Amino acid sequence: AQKVTQAQTEISVVEKEDVTLDCVYETRDTTYYLFWYKQPPSGELVFLIRRNSFDEQNEISGRYSWNFQKSTSSFNFTITASQVVDSAVYFCALKDTGNQFYFGTGTSLTVIP
Amino acid sequence: DAGVTQSPTHLIKTRGQQVTLRCSPKSGHDTVSWYQQALGQGPQFIFQYYEEEERQRGNFPDRFSGHQFPNYSSELNVNALLLGDSALYLCASSFRGTGALYEQYFGPGTRLTVT
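Heads up: the sequence lines are chains A and B, in that order.
Using this note's numbering, you'd call the opening residue of the first sequence number 497 and step up by one each time.
Using this note's numbering, you'd call the opening residue of the second sequence number 303 and step up by one each time.
Hints may contain errors.
[Stated by the list, open to error] Below, simulated SDA-like cross-link-like pairs (lysine to any residue); rule was C-alpha separation at most 20 Å, straight line:
#1 A:Lys-499 - B:Ala-382
#2 A:Lys-534 - B:Phe-347
#3 A:Lys-499 - B:Phe-347
#4 A:Lys-534 - B:Ala-340
#5 B:Lys-315 - B:Ala-382
#6 A:Lys-534 - B:Ala-382
Calculated directly from the structure, the hints in this document are not laboratory data.
Just so we're clear, the structure is a prediction, and the values are computed from it rather than from any experiment.
The shape of chain A in the complex, shown without the other chains:
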């Protein structure tokens, strides 16, 4: 069975600090996709990044970076120099070969000005 674990329920940081959100996944599929979504208070999930299981190259997009390690089944997300606008709930998700998405329970990030 597929499973996504986000052990950090809530994180608070002071503006301009770096913060890393952890994500650990379980799957027996050899082909799968991993995602990060942001959910602001408005409720709409906003897509941040997608990674397929064959691409372990880390990615950086502005202040955001992602570290994918198959050896530890982890797909962590780092925000550098956090800003108040980064405050939201962040979800890690896995899509299996059956096209079904499995979400973690989310990490609520609060950036304090």
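Once you have looked at the hints, place chain B on chain A.
Frame of chain A; chain B shown alone:
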């Protein structure tokens, strides 16, 4: 280009009643998935519709049913509402033609409260 739209925004129902939620996919998308997100939890997959048929289903009882129309819009129906059905219901659309449904776009959700 309109994104995924859902209606209504909020809904209050009484236990035992029935409810219908609606979703219009993003232009060009042909597949609609529904998710239930309880407070403080991640979205849980309910089912997915393509070509007006239910293609996949998560671990939800038969009280949850759906429909997809020729214009790709979709409805989620929940019968015999329970207090535990109170949640944010999210619709996501994608285009199956690419072969991989990873490009999911989510709507703003419908907040259902069962009293």
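request  = Any hints from earlier that this structure breaks? Give me their numbers in increasing order, please.
outcome  = Hints 1, 6 not satisfied by this model.
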